[in-house]
Every structure is written in C-alpha cells, then in structure tokens.
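S.K.: One letter stands for each residue in the lines below.
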Amino acid sequence: MPVIGTIFYVFLGIVAIGSALGMLINRNAIYAALFLVLNFATIAVLYLALGAPFIALTQIIVYAGAIMVLFLFVITLLGAEKLPGYEPIKGHRLVAIGMALVFLVELALFYFVRNQTTGPIPFLSAEFGSPKNIGVVMFTEYLLPFEVVAFILLSATVGAIMLTKPDRKVPVNLPQQQD
Amino acid sequence: MPLSYFLGLSAIMFTIGVLGVILRRNALVIFMSLELMFNAANLVFVTYASYYQVLTGQIFVFFIMAVAAAEVAVGLALMVAIFRTKHSIDIDQMSSLKG
Amino acid sequence: MLLQETVMNSTFQLVPLVVLLPLLGILLNWLFGKRLGEKGIGSIASLAAGGSFVISVLLALALLQNHEGARVPLFTWISIGTFDLSWAFRVDTLAVTMMLVVSGVGTLIHIYSIGYMHEDVRHQGDPDRFRRFFIFLNLFIAAMMILVSADNFLVLFVGWEGVGLCSYLLIGFWFEKGEGGLGNAKAAKKAFTVNRIGDFGLLIAIFLIFWNFGTLNFGEVFAMVPAVAEGQPGLLMAITLFMLLGVTGKSAQIPLYVWLPDAMAGPTPVSALIHAATMVTAGVYLMVRSQVMYMAAPAAQEVVAWVGALTALFAGFIALGQFDIKKVLAYSTISQLGFMVAAVGLGAEVAAMFHLTTHAFFKALLFLSAGSVILGMEHGLEAGNHGHSGHHDDPQDMRNMGAIRKKMPVTFVVYLIGALALAGIAPFAGFFSKDEILVAANQGNMAIFIVLVAAAFLTAFYMGRQVLMVFFGDARTDAAKHAKESSLLVTMPLMILALLSVLGGALNLPGMHTLEHWLEETLIITHPAEFIVPIAVGSLVVALVALLLAYLVYGRKPLANAKAADPLAKRLGVIFRWMNQKFMVDELYQAVVIGPYHKLADFFANPVDLGVIDGVVNGLGSLTTSFAGMLRKLQTGFARTYALSIFAGLILILVYILTRI
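Protein chains in written order, with the numbering used here: chain S, 10 to 188; chain X, 2 to 100; chain Y, 157 to 817.
Next up, chain S with everything else stripped away, as it sits in the complex (with noise of 0.2 Å):
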C-alpha cells in the first residue's frame, strides 16, 4: 500500500476518534454536537474508501443532515447548554474507564484469538456499492424489510408527534341537522 494512502487513511483515524473525544468531554452540549458532525462526516469518507457511495451519501444527508440537526434544534429549544456542573456519580468515573479498557481488551484478544478473517480488504470495483446494485438487491431480496422500515417510520412520526401533543381540549362542532 503505497505511503500517501497509510497517512490519508491514519489521518482520518485520528479525526475520527479525536471527534469522538471531544464529544464526549466537552461541557457544551452544542459543541458536542458539531463534534459529532464532523464524526459523521468523517466516517462517509471511510465508507467511500471502503466502496459504499450510496450509504456514505446517506450517512450525511440522513445522519449529519437531519439526526444533528433535530439533535441541535432540541438542544436550543431546551436551553440545554447551559447544563450546570458535572458531577458524577461516586467512584463512577473510575470504574467506568477501566470497564472500558477490559472491554477493548477483550474485543482484542477476541480479534487475536478467536478470529479467522484476516488480511486487507480487497480491490472493489466502482459499481460495487453504487445505488444502481444497492437499489437491485434491495427491492428483490430485502423488499419485505423495506416495507417495514417504512412502517417503522410511520409510526415513529406519529409517536413522536402524540409524545409532544399537550393536553387541550378540542372543541368539538357538531355539524346541526336540518330538516
């Protein structure tokens, strides 16, 4: 693998995990989200390396275009950032980070141990994931998950707008008879 491609791709590691960090430390719930922006942007990159244009087009324009931005208008409606101190919970800090270490331990040790897939990703051509592929296998083979993915939508939205619905009462007409 040429050098330029080690660095471009070390590069994009970095950002990817120094955008994580700082969403994860920083007091300020706006800022966090602009870092998770940059996350998810990063990580459409990664997928075009990997030979998926269409969900790295999907990841910005479902995930950074619409999730982050709901996420930033309910954090300006709720006046969020401004959340005061940080507190944690007793001894949570602690036990939480070395919870954390085991675990990338043991993904580890299962990647060492337990793993028969090794060995770089192979050469993909460009039709690979291109949406013409994607949109053939989708509605052939995966057309019933479609159908209730698209259900699943539906009675999200309608969740989400009896969720926030407040409690009035409706006046109601009745349309009068005339005989």
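Source of the hints: derived by calculation from the structure; they are not laboratory data. Worth double-checking, as some hints may not be accurate.
Derived pair list, reagent style BS3-like, types lysine-lysine, alpha-carbon separation capped at 25 Å [to be verified]:
no., chain 1, residue 1, chain 2, residue 2
1, Y, 713, Y, 562
2, Y, 562, Y, 640
3, X, 99, Y, 562
4, Y, 562, Y, 637
5, X, 99, X, 87
6, Y, 789, Y, 345
7, Y, 342, Y, 637
8, X, 87, S, 99
9, Y, 345, Y, 333
10, X, 87, S, 174
11, Y, 713, S, 99
12, Y, 726, Y, 713
13, Y, 333, Y, 190
14, Y, 195, Y, 640
15, S, 99, X, 99
Given chain S's structure and the hints, the job is docking chains X and Y onto it.
M.R.: Frame of chain S, contents of chains X and Y only:
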C-alpha cells in the same frame, strides 16, 4: 488497509460511545453517544460487506440508519415531553426508580 | 338343641353392642340432649348403660352353656406384612365378669347421677352442664367395655387410654371451680399426667411383647409364653414389671397413687364409678388376664405382691388421718386395691376378682352414700344460711358433721352396711373376699400375710372412725343440724347396692365357690380356695377389735365441736400430723421430680428455645433483612448506574463467549 484497522477504529468508537452514555449527565448528549455507537456498528458492517464482496452489509446499514432516525425522533420527543414536567434534562434527576 | 346352639352362638355376636350402646347414648344425648331435658338425658344415658348390662347378662347366660366363650372379630385394624391386628371382642368368663360389674354398677350410678347432678349443677350454678356429664359417663362405659372385651393388647390399650381420658374429663368437670379457680383442673391434670407415667410402662411392655412374640393377640401370646420364657428368661420379668408400672398408675399403687385422692375433686358419682368401682380395677384385670406371664416370672410376682401389700398398709395409715369424707374413702380404695394387687401377686387371681367385685359393690355404695351425705349437708348449708349470711363450712369435712343418722336415716343404714362390708364383718360381702386373700397370703408368704392383716385392722378402724364421726354424736354445725334426706332417685341405687353388699359374698361362698368354677374356664387356678376357719375367725376378730377401739376413741366421747382436735391427734402427736399430711409424699414428688423437671423445662424453654432456636430463626430473618438492605443500595434510581451494570454484564458475557465457544 487491513481489516483490523477498521475493526479497531470501530471498537474504539464504540467504547467512547459507551463511556459517553455512562458518564454524561445531559440526556441529549447520551443520545448522541448512542448514535456514535450505531455508527461504529455500521462501520463494521460496511467493512465486512467489502471484505466478502457481498452487498448485504450495506443494505443492513441502510436499514439501521432508517431505524436510528426513527428512534431519534421518538427519543427526542420523549425528552421534550419530560422537559415539560421536570424542566430539566439532567438524567440524574429522573431517579424515581430509586429503591 | 340346634336352636339352643344358634341362639347362644348368635348371642356371642351381640358383644359389640356393649360398646355400641353407650356410644349410641352419647350420640343421642349430643344431638338431642338440649331438647329432651334433664330427665330425658338421664334416661337415655341410663338406658344405654342398662342395655350394656342386659347384653352382659345375656353373654353370661350364653357362657353358662358354652363355657369356652368366643372371639367376635369386628374389623381388621392393622395389617402389615405378617402382623395382623383386628378389632375383636373376646367373650369369656373373665371378660364377662368385668362387663357385668362395670355395666351393673355403672347403670346404678347413672340412675343415681340423675338425682345427684340435678342438685349439683344448681349448687355450682351451671344447669346446662348436666348433659355433658352424662355424655362423659357414657363415654367412660364405652371405653371401659372396650378395655375388658379386648382380644389383644392394643385394643386393651385403646380402652385404657379412653378411661384415662374420661377420668380427666370428669375429674375436671367443674373446671373453673376448686381452689383458686384452678383446683379441679389441676387435679384432673395430675391424674392424667401420673397415669401417663404408668401408661408409658404399659406401652414398653406392649412393645416388648410385640417385638418378641410377634403378635399382640391374647390367645397367641399366652400360648407362646412358655417357649419364650425358656429362650429369654429376663424378658418376661421385664414385660411384667413394666406392666406393673402401668398397673400402679391406673390402679393407684405405690408410687403412682397420688392422683386418686386429688381426683375426689370431681363430682361424687365420678368418684364412685371411676375411682372406686371400675377404672381403677382395670389394672387388676390386666394382671389377671396376663396371669400366664406372671406365672412364668416368679420374681415379678413377688414384687407385685409386695407392692400391693405395702400400698394397702400405707394407704390405711393415711386414711386414718383424713378429715374429708371422700378422702378417707379414696385412701380406702387405694388400700383395697393394694389387697387385690397383692392377691394377684400371690397367685390367687380368683380371690382378686372376687374382692374386685365385692369392693365395687360396697365402695360404690359408700361413695354414693357419702354423696348423699354431702347433698344433705349442702341443703343444710342453704337452709342454715337463710338466717344469717353464711360462712361456708365445708360440706365434706367430717368435723362439720355429726348425728346425721337422725336426719338421713336411709343413708345412714346403707352407709353402715357398706362400712361393715368394707371392714370385713361377716356375713357381709367383704368378709369372704378379704378372707380369701388372707388365706392365700398365709399359704404363700407369711410376711405379706402380717402386713395385710395390719392393713385389715386399719381398714376397720378408720371406717369405724368415719361412721362415728359422721353419723353419731351431736350435730356440730348448722349444716348438720339442717341436713335433709335425699330423694328416691338418689337413695334407690343405694339400697340396691346395699343389698348387693350383703349378698355379694354368695358369689364365692366357701364350699360352693361359684366364682372359682366360673373363672376356671379362662384362668389357671393354681391354688383352689379353701376356707381355713382359724384365719377366717382371726380376721373377724381383728376387725371387731378395730371397731371396738374406734368406738372407744371416737364413740364414747364424740368430738365436741367442729374445731376440736381429733382424739388421736393427742395420743399420736406427730404421727397423726404425718398421716394427715399424707406423709408428705406429694411434697416429696414435687421436690424430687416435679421441681427439677420444671426447671429443666424452663431451661429448655428460655435459653434453648427462646435463645437458641428463636435466635437462629430470627437471626435468619434479620440476616435476610440486612442483606436485602445491602442489595437495596443497588437500586440507585440513576439510569447511568444501570447502564454501567449493563455494560458490566456485556463484558462478562464476552468473557464467557471468549473462553467457551
């Protein structure tokens, strides 16, 4: 790049997401950490899709994104509703389960 | 001939009725008693007992034809492997003798109780308890019948326990009365507990029999005795001695006689029926029935004879120092039971049964008459109290009586007959039966003979003392002055019993020996009874001398008033006090047995039960509580903590997957 690069990156992002869920008090930031965890999983899916040259992983990522969007919508609606009563989104204040 | 055979064979089949009729009486009284009124209740109960008596008579007549008797099984009770125990009735001469005594005297006492309890429930203030009394009385007859008609040791034990229960129920009949509101209940408890100790002995004997003989059936056991005796010589001694323990409990011998005087707390008909005529004889019956075993263990027989003789003498002394009319009779019963037990020990079972029968007659007579006297005194108390607010003299204390013969002539006559019979004056019944026992003692064991003669002397003396104190002299209190003769319902049974006391000697008159021939079928007569004139005359002389002495001490200068000291007290001083205090036997038991036992029970109750066992259980509870309290801290309510624990679980699952799969 070898496979292990992407897997390692994904693992680290996932762990950071978990830490975010455990350590942050702001409910919205917790949600965002959840999204981070989702993304870590998505990365693994796409990686293996490319590795095995099968599109199934990418399809699955598509669905995950859709469901995550739905979940975020509902979750944020919940937060708004809670905020109306508690006037705070500090998750430590929602401790009615305390026994 | 065929008709006769079928008649007498089928007559034997009637034997379950002796138990079922009293049970029917109980049922009828229980269900319909309230509606029938006192007369109805009494009639049903008396008819039930009378029915038992009629059946017993029929059985006796059938036995005259068919001497061997029969075994009438009712149903199979226990059937385990090769061990078969059925509830069977045994009809033979010994059983029928007991049945006749129990049901005969029992019926008379039922009739007496109608009149007696009518007064008593009003005196004690609870007229509704009349019905309960008769139910218990019928229950007692039923249990006693089970005991005497049993064909095996276990059914006998059922009856044994049943009469013990009835004794408890009837002694504590007025359970809320007595000293300190508890006295009667305590007496009942004492009877039950002391009997229990005896029952323990009997149970061990039954266990030994079962273990070594493999069966509990009388016929089979007694047939196997010679073989077992050769094989295991100590075994029969153990069985008979344990059985003796049971007998000392039920028949009030040393050392377990202490319940009987306290049992006088029950109503008088109870004392008459249970503690004079029937229940206490169950022990004697048991030993007579198990005669074969005793004959195979001569050392045990010796022990039995001495226990009986010593009891007879000891109780005689105590009777001499008692002032309560019923207590004197109670100790007299113990003493006479000692005679019977001694007779069994000497191998003279017929004499024992003879004395048992005559004793039932005149002791029941004496108790019932004493009841009549007490009723009269109670009447006198109420009459006397009309004038001034009464201080309650004890209607049972002999010192409060005197000259009763003028007020209650019928009672006086029957009491006198009973007393003379008990003292052994010819030609009353007691003379013959006691004489037979003395003859057996004379031929068997001179030492016992002397002891029994001394006991006979005491018997006559204290009876003379009692008669003179109660019926002669001057009326010492208002109660005695105003005493009234009892109703016919009360005195009629007394007269019948008096008749029986006079004629009872005919059962086994020398020369005819009817009872002996009757019992020959069932028992092995080792010493046929003889009438040895010197001993007979000697015992008569002893009794007469005793009566004369009693007259000299109590008759010539009767007690002046109720508070006067007993003339014997001056002469015998400390010894009299000891006799009055029952030789402090109860106190001895209290100090040696009951006190330490209570302390032991206290120890187990408080440090062990409360401390250790409760401590362990409560400790477990509080441990669980504290543990739960610790676990409770896990529920912080913070979602982040829950997330953390989920993460921890995730890590553990990964460890599992890592290492297993």
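S.K.: Now tell me, hint by hint, if it's right for this structure.
M.R.: Structure-based check of each hint:
Restraint check for residue 713/Y and residue 562/Y: satisfied, since their Cα atoms lie roughly 18 Å apart, inside the 25 Å limit. The suggested pairing of residue 562/Y with residue 640/Y holds, with an alpha-carbon distance near 10 Å, which does not exceed 25 Å. Using a Cα cut-off of 25 Å, the hinted pair residue 99/X and residue 562/Y is violated, with the two alpha carbons roughly 94 Å apart. Distance restraint check for residue 562/Y and residue 637/Y: the Cα-Cα separation of roughly 9 Å lies within the 25 Å cut-off, and the hinted pair is therefore satisfied.
Straight-line distance between C-alpha atoms of residue 99/X and residue 87/X comes to about 17 Å, which keeps the hinted pair within the 25 Å bound. Simply put, residue 789/Y and residue 345/Y have alpha-carbon atoms about 56 Å apart, too far for the 25 Å limit, and the pair is violated. In summary, the hint linking residue 342/Y to residue 637/Y is not supported, as the alpha carbons are separated by about 33 Å, beyond the 25 Å threshold. For the suggested pair residue 87/X and residue 99/S, the alpha carbons sit about 24 Å apart, so the restraint of at most 25 Å is met.
Distance check on the hinted pair: residue 345/Y and residue 333/Y sit about 14 Å apart at the alpha-carbon level, within 25 Å; holds. Between residue 87/X and residue 174/S the alpha-carbon distance is near 16 Å, which keeps this suggested pair within the 25 Å criterion. For the hint linking residue 713/Y to residue 99/S, the alpha-carbon distance of about 105 Å lies beyond 25 Å, and the restraint is violated. Proximity of residue 726/Y to residue 713/Y is assessed by CA-CA distance (about 14 Å); at most 25 Å being required, the pair is judged to hold.
Between residue 333/Y and residue 190/Y, the direct Cα distance comes to roughly 24 Å. Compliance with the 25 Å bound is thereby established for this hinted pair. Under the criterion of a C-alpha separation no larger than 25 Å, the hint pairing residue 195/Y with residue 640/Y is consistent with the structure, at around 22 Å. Between residue 99/S and residue 99/X the CA atoms are separated by roughly 16 Å; this keeps the pair inside 25 Å, and the hint holds.
Going down the numbered hints, you'll see the structure goes against 3, 6, 7, 11, while the others check out.
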